[in-house]
Structure formats: C-alpha cells, structure tokens
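Trainee: Let the sequences and hints guide you as you build the complete structure.
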Amino acid sequence: MPDPARPLPDDFLSVPVAHRGLHDAEAGRIENSCAAVAAAVAEGFGIEIDLQPSADGAAMVFHDYTLDRLTDRTGPIRTRTAAELGGIGLTGNTDPEGAGIPTLAQVLDLVAGRVPLLIEVKDQSGDLGPQGIGPLEDATAEALRDYRGPLAVMSFNPDSVAALAQALPDVPRGLTCDAFDEDDWAAVPAARRRRLAGIGDFDRTGACFVSCGWQALDRAPVRALKARGVPVLCWTIRDSGQEQTARRIADNITFEGYTPAH
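Heads up: the sequence shown begins at 1 in UniProt numbering, then just goes up one per residue.
Hint data in this document are derived by calculation from the structure and do not stem from the laboratory. Certain hints may be false.
Said to hold, decoys possible - Here are the in silico distance ranges between beta carbons for each label pair: (1) T259 - S125: 30 to 40 Å; (2) T74 - S125: 17 to 27 Å; (3) A112 - Q244: 30 to 40 Å; (4) D146 - G57: 30 to 40 Å; (5) Y65 - Q166: 17 to 27 Å; (6) D146 - Q166: 14 to 24 Å; (7) T66 - A216: 18 to 28 Å; (8) T245 - D56: 42 to 52 Å; (9) R145 - R223: 32 to 42 Å; (10) A216 - A187: 10 to 20 Å; (11) A261 - A186: 15 to 25 Å; (12) G57 - G126: 17 to 27 Å; (13) R69 - R248: 28 to 38 Å; (14) G198 - Q166: 22 to 32 Å.
Quick reminder that beta carbons are idealized off the backbone N, C-alpha and C, glycines included.
Mentor: Encoded structure:
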C-alpha cells in the first residue's frame, strides 16, 4: 500500500475548476485546447484536463479515445504519434496558435503554475481494471517531474491511481468516482462497479481526495469520506442551481457552460 498522498493544496478548494479548460465552441475555444487553457488562466480559474497516450508514448491532452468527435480524422488517438496529433486541428478551434491536439508538456508551459491544474488520466484497460496500466502514468510522471505550481492527478481507475502513487509519490492524487450505474458503465463488470461505487480503493491507493459526479454526491461512501475530512470535488456543474445543490456536500466544483463566482 502506498504512503498517503501529499494533501490537496488549498487552491483546489477555493478556486472553481474549468472542465477541460474554459472552453466555448461559439468563441472558437474547443475543450482541452491551448485556447481553452489560456482562457482559464486569464480568468483565474483552475483547470481540469484529460490525458490519452500517443503511439510514441507521449501524454496528450484529449478526452476521447478516438479522434472522431473533435477532429476531421477518425480512429483511436493512441495509433498516431505526438507530432501527428499536434498537426491535427480541433474542429471549430479558431486560435491560430496551438490549434492541434496539445501535449501535456505544452499545457504545463502555458499554465506555468499560475492556477490549479487537475489532471485526469483516462483509463486504458477498457473496464477500469489493471490491464494496460503503467505507460501513460509513467509518461505523465515524466512530464510533471519538474513542474511547480498547484497540481493534482486523478483517475476513475484505482489501478491507475496506484501506479501514479509509485510514479509521482509527492503529487496529490485522487479517485474520480460516480454511482457507476450499469446504464452508464456497461463495460465494467458488476462486481467491480459495486466496489468502485463504494470507493473501496481509496485507502489502498493512498488517495487524498475524491472528485465525484455531482448527482452522486449524496451517497453514503462520499459522506463517510467527507466525515473523515477528505476533500470532495465534483463534476460537471453546468448552472448555478446545480452548483448550489452540489455545494451542500462538495468542497469545490468542476464547471462548464456558465461562469461561477470566484
């Protein structure tokens, strides 16, 4: 069992976190783009980003497993090199600089420690199990090795969080969680869904926070961790009414589509 993670910096509890950056398709800022990251920095919001691997082992800032939704290309992101991905424009992105899919290193240079950065390492097993875990976590660790600024890493996959504990022992880490209903998580075996919903791997992974789907906040496992003093973040808040409800339990929010107070 890894040692407990370093505590989550206070900034993560006081500064709302922009989901995939401060993106706005109408303004030409696409999710997880350099433009969305820069906009969040300019407004003083924290930033949440997602990581997927390239074919040559780089940590790329991109949410989906395939290119289809956000680009004019198709197929898995992991079959293309970082250089190829950097040359693929994000559909609707009007920022002339950094228009392609960025690497984690590019985003780190852009943020430069000025706002909190919350990094979700996407599951590579397909069913939130142990298969395929390690390479993306190691690539993430390599990029983050010399970064200075408020930082935390997380994943839905506890085995990924455990790998991050080995690769980045001094970086705060957390479990991304949900109710794990079958309709939303059909690829995950029932027994694993039950364990994940109960946040049963929190202590095993040495996590220091959770980030929970806001509609699943009012559950016994989340309340039990909060009673222990564990920071509770949540996702994804899309209006002030949802924010008001979530903050009854959550210490901070991840948001998109509106501007919360901060």
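Trainee: For each hint, tell me whether it holds in the structure or not.
Mentor: Here's how the hints hold up against the structure:
no., hint, in the structure
1, T259 - S125: 30 to 40 Å, "holds, 36 Å"
2, T74 - S125: 17 to 27 Å, "holds, 23 Å"
3, A112 - Q244: 30 to 40 Å, "holds, 33 Å"
4, D146 - G57: 30 to 40 Å, "violated, 18 Å"
5, Y65 - Q166: 17 to 27 Å, "holds, 24 Å"
6, D146 - Q166: 14 to 24 Å, "holds, 18 Å"
7, T66 - A216: 18 to 28 Å, "holds, 26 Å"
8, T245 - D56: 42 to 52 Å, "holds, 44 Å"
9, R145 - R223: 32 to 42 Å, "holds, 36 Å"
10, A216 - A187: 10 to 20 Å, "holds, 18 Å"
11, A261 - A186: 15 to 25 Å, "violated, 37 Å"
12, G57 - G126: 17 to 27 Å, "holds, 19 Å"
13, R69 - R248: 28 to 38 Å, "holds, 33 Å"
14, G198 - Q166: 22 to 32 Å, "holds, 24 Å"
Figure legend: structure checked against the earlier numbered hints; hints not met, in rising order: 4 and 11.
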